[in-house]
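Residue-level listing of the chains:
2 protein chains.
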Amino acid sequence: MKRGLENIRVVLCRTSHPGNIGAAARAMKTMGLSRLHLVSPKYFPHSDATARASGAEDILDQAVVSATLDQALEGTVLAVAVTARRRDLSHEVHDPRETAGMLLGEAESGEVALVFGTEMSGLTTEEVGKCTLISTIPANPVYSSLNLASAVQIMAYELWTANAPEKNSVREGELATFEEIEHFYRHLEETMIRTGFLDPEEPKRLMQRMRRLFSRSRLEKNEINILRGILSSLENGARHV
Amino acid sequence: MKRGLENIRVVLCRTSHPGNIGAAARAMKTMGLSRLHLVSPKYFPHSDATARASGAEDILDQAVVSATLDQALEGTVLAVAVTARRRDLSHEVHDPRETAGMLLGEAESGEVALVFGTEMSGLTTEEVGKCTLISTIPANPVYSSLNLASAVQIMAYELWTANAPEKNSVREGELATFEEIEHFYRHLEETMIRTGFLDPEEPKRLMQRMRRLFSRSRLEKNEINILRGILSSLENGARHV
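Chains as they are written, first to last, in our numbering: chain A, 1268 to 1508; chain S, 1268 to 1508.
Source of the hints: derived by calculation from the structure; they are not laboratory data.
Glycine included, each C-beta is placed from N, C-alpha and C at the ideal position.
A few of these clues could be false.
From the structure, some residues in chain A lie toward chain S, with a derived Cβ separation under 8 Å [unchecked claim]: (1) A1294; (2) Q1338; (3) G1342; (4) T1391; (5) N1407; (6) P1470; (7) L1473; (8) M1474; (9) I1497.
Pulled out of the complex, with its shape left as it was, chain A reads as follows (with noise of 0.2 Å):
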């Protein structure tokens, strides 16, 4: 799975302040993107550029300049303009997560790219043309004016966090399977229907409610043994007392 992150291109359109090219290696380079083209920046190299780096000089020295956007995106079978204007609906418009998705999964196979526009204006309607789809990052609508190094951050940080569900403190486990998890859906429902709390002839969506809440959670294989125990010991309860 590391393997695609190295397939992700981050590009940046005409960038004004050298810094913010720093900022973005940065932010890059803490989520495990190193592959940053740079279209017509207006200075660079820049020491303001290695300045905001701080350590991710080698993403800086390994940077691609081009002239175009076009040479940028030159071998990509995806690429993703990251937006916050509201364009005509010729493209479609995801939010950073499912980009993320979207991105690792092409990035398996081929080179991708998220493309970010200039400080003031952002990528123009031409600019945007050129890209597959559109990504937003939800704002503050009345001040939605992220810095640059921002959205890099924001957009590669979705992609760190999906791309690597084993570095994340939340999953220590592995996933329950498909059947594992129905077969506690159903345990659940007899234990239920058992025990008076749901009427099989009036069930009021109570078993779809209790999957809209476990699949939110994404089950693990030991947590499912524990709830399938908890429901198995409040059985043996019932029989017992």
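With chain A's structure known, arrange chain S on it following the hints.
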């Protein structure tokens, strides 16, 4: 629900570079946060802070400067230390997504805080000790050096995303409060002890595992009611069978 964000303080401890204070204010404002607390900043106010705030000067104007972290945390019911360093296991560690859910749950009824350390060395052990739990942003283990404002941006983004359920297809009902969730855990624990599934002499982290599971799904009020209803019906079943 939007009210939650107003009860969330961002506390920056002993910040060295005023530019980072401005950038943090900007990051906050993009995600609807407004309450900045500064614990003995090296320089503040400062032209670098104003320059980097870039439209979020109102956050700087309203910032509360205090001499100690204790003062900045006065009146809060939950304080989260954001730190990358591994600590001993005196605190629960959560990722930003879980943390956002917990903070918003608490922020519905009280004041909460996200606490960030210095650019170079983060929070001291003493500062972490004043917080309720730890949140760690998942990052590249060989280079996890997030810029301070970037860390603020990620946490704020997770809060905004979690707080905008209308944008999220998953969320249907009102979130349960901290107290409601704690009552459920107590109910679950008592039931498991009664049936013998949980041995209070050898609890085997059963309750921690259940807390981890349910905190991932961010329980809603009606779900708590159903879960507690199931537990009650099983107990009644146990008495009546």
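(request) May I ask which of the numbered hints given earlier this structure violates, with the numbers listed in increasing order? (result) When the structure is compared with the hints, numbers 2, 3, 4, 6, 8 turn out to be violated.
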